[in-house]
Amino acid sequence: MSVVLDVFSIVAIVAGLVFFLAGTVGLLRFPDAYTRLHALTKADNLGVALVVTGLLPQMDGVLAALKLVLVWLLVMLSSGAVSQLIARSVRRRECSE
Amino acid sequence: MTAIVSLVVALLLLWLALWTVVARDAFVAVAGFVVYGLLLSLVWVRLAGIDVALTEAAIGGGLTGALLLGAVGRLRGTEAAAWSERSGACTRAFAVLLSVSVATVLALCVLTLPEPPPTLAPQAAENLAATGVGNPITGVLLAFRALDTLLEAVVLVIALIGVWSLAPDRFWGGRPGPRYGADPDGILTYLARVLPPIGIVVGLYLFWAGADHPGGKFQSATILAAMWMLVQMAGLSDAPRIDSRWLRAGIVVGPLVFVAVGVLGAWQAGAFLGYPDGWAKPMIVVIELALLPTLVLVLALLLNGAPARSADSPPAPGETSLSARSTRPMPAGGTRQ
Amino acid sequence: MTVETLFALCACALVGIGLYGLIVQPHPLRKLVAFNIMGSGVFVLFGALAMRGAAAGMAADPVPQALLITAIVVAFAATAVTVALLLRLIESTATASLADEPPSGD
Amino acid sequence: MTGAPEGGTTRILAVRALLYFALWIVVDQSAKPANLVFGLLTSAVATWASVKLLPPASGGVRLGQLLLLLPRFLWQSLVAGTDVARRAFAPQPRLQPGFVDYPVGLPRGAGRNAFELIASLMPGTVASDGTPEMIEFHCLDTGQAVVEQLAVEERAYARALQPEPRDG
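Protein chains in written order, with this note's numbering: chain A, 1 to 97; chain B, 1001 to 1337; chain C, 2001 to 2106; chain D, 3001 to 3168.
Note that these hints are calculated values from the structure, not bench results.
All residues carry an ideal CB built from backbone N, CA and C; glycine is no exception.
Be careful, since some hints might not be right.
Okay, the calculated beta carbon distance ranges per label pair [unchecked claim]:
{"hint": "1", "chain 1": "D", "residue 1": "VAL3051", "chain 2": "B", "residue 2": "PHE1272", "range": "24 to 30 Å"}
{"hint": "2", "chain 1": "D", "residue 1": "SER3030", "chain 2": "B", "residue 2": "ASN1127", "range": "21 to 27 Å"}
{"hint": "3", "chain 1": "D", "residue 1": "ALA3156", "chain 2": "B", "residue 2": "ARG1076", "range": "42 to 48 Å"}
{"hint": "4", "chain 1": "D", "residue 1": "TRP3048", "chain 2": "A", "residue 2": "ALA64", "range": "24 to 30 Å"}
{"hint": "5", "chain 1": "D", "residue 1": "MET3134", "chain 2": "B", "residue 2": "ALA1249", "range": "44 to 50 Å"}
Modelling step: build the complete structure from the supplied sequences, incorporating the hints.
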């Protein structure tokens, strides 16, 4: 049973890392600030989600697992809000120029 | 494996430091410095200093970064002039020579350090039980080297007085910084409404956990101060007048209680800041509780800066002092490319 | 090489890099950033020495580590005072130059 | 978990206090009595702050309905992430970026902010600006049916909101 869980963890975390890589590649390759924001928020969110999912079976206890989920929720709250703030500030600067 | 991770972290740190120092644009340099601070907390984790890592991430990277970013915005106009005063090739060559020599001498000292290394860990471990706290760092900060921590709190208050004293006379007693007027229905305001209660729970947890686990009043105070700054930047509450009584009382309460406990120790335990037998833990809790408001206020107000407007003439609500944020008419119509 | 030696040597290089920036960069804010990097080099060196002192079941000597927390907080306070001074300098002289010249205005 | 639309202020406050205390327990993870007492104090402070910052009168949320949104949200995150990753790794990133105005039904306020937040994490959209009647989204691919997709999301989301006073 524990082998199955370990394999699950490894697969999920590696998949999460692939999405982090995708976010970084997108950040470097996409043409402007907005599209880079898409790359960062969406790919990295999925990356964090997968890493958290992969770590869940490794935690001892439900509370510790909930703490990890809490981290994921806070990351989403901040990335969702900050991406909007950046998008808005870029938009206003473009329009006032 | 872990050795490779350490090596990669060390190389990245050096590269970032170099980049930060030589970057042409001041904003780029400060952004690099913030990332440098985060990487530095990884270094602290590798050096077995979780408490230091938390402090570095919160204060070294976070607060200092916010302070410098604010300054960059206001110093933008002076950058080009300063760049023209750039030192010549001769000075730069001399600087390289000097820096390399200093680094080399330091490195030679590191490589010839005495064996076995001197340490106070056994003494700390031996006497920790007497303090009643489980985290040795907290034990050092509030029992073995309590005088350092008292002086540190005093230094913070003096620094704040120093910053305030730079206010022009006409603004003395006024409010620091610009009055922020973010969009009341914008996402920043939403964040400032939703996040602070969560930040309060996490911050107070760090405070409470500091007795037995990594954490403590400095890290906690940083989170609470950050929440207060978020509320200010969203325009939900204004920066306080620096002549208000409650503010000044909150700023000095920590050091005053600390000194009072110290005097009590001189009377009861025979030494300034000595704790009577069995009373160490409650005394430490009292000091920490009194220091928390002082630290929150001082850290946030240091970030706010010197008073820059009089208290009795608040600008119209919604007015923003960030000149770059001009509102624009909203173009109508569907998709634009 | 042990972790603490690696980071101690890295810290020496950080001090050098910070010192270089402190001398070469003309803008006071850049000098401040460079000085902070130099300071962090000193901190890391001290932290590496703390880890060398690991004993009695502790992963590092807690006394230098506690002093490091104090140091980081005091460094922030000093940086805040410097930034305030700098902003005041620009407000009253309209320049951030540190060159030797008679101050203009105010 | 349905709070009353009006006169339920106490109820909303109780729910919030309970949530903050649950947060404390998750973060603290020890059942020491002293920690629990300090946790109660902490959640009281947090509730006080939340009353100051987000008065309960501005409308509540049906927590049960919100939980029903969760699987949908997780699926959308998965789609969003893979979509961006596919484009990032493509030999020629096929993007058709542009702005789309979405006529929004939700009134301005916390409820709409939360919708913007969720929509910014959905595939292909980031909120970039807005007026009282509409939200401007930046889209990765304007060739997709963005407005229709957002309308579906908004309907699902609006069910989780209690009717709130439309005072902006």
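D/VAL3051 versus B/PHE1272 beta-carbon gap, inside 24 to 30 Å or not: violated, 43 Å
Consistency of beta-carbon spacing, B/ALA1249 to D/MET3134, with hint 44 to 50 Å: Taking Cβ atoms as reference, D/MET3134 and B/ALA1249 lie about 49 Å apart, which means the hint holds.
42 to 48 Å as the expected CB spacing between B/ARG1076 and D/ALA3156, which holds or is violated: Because 45 Å falls inside the window, the suggested range holds.
Distance restraint hint 24 to 30 Å, applied to the beta-carbon atoms of D/TRP3048 and A/ALA64: holds, 29 Å
D/SER3030 versus B/ASN1127 beta-carbon gap, inside 21 to 27 Å or not: holds, 25 Å
Against the hints set out earlier in the document, a violation occurs for number 1 only.
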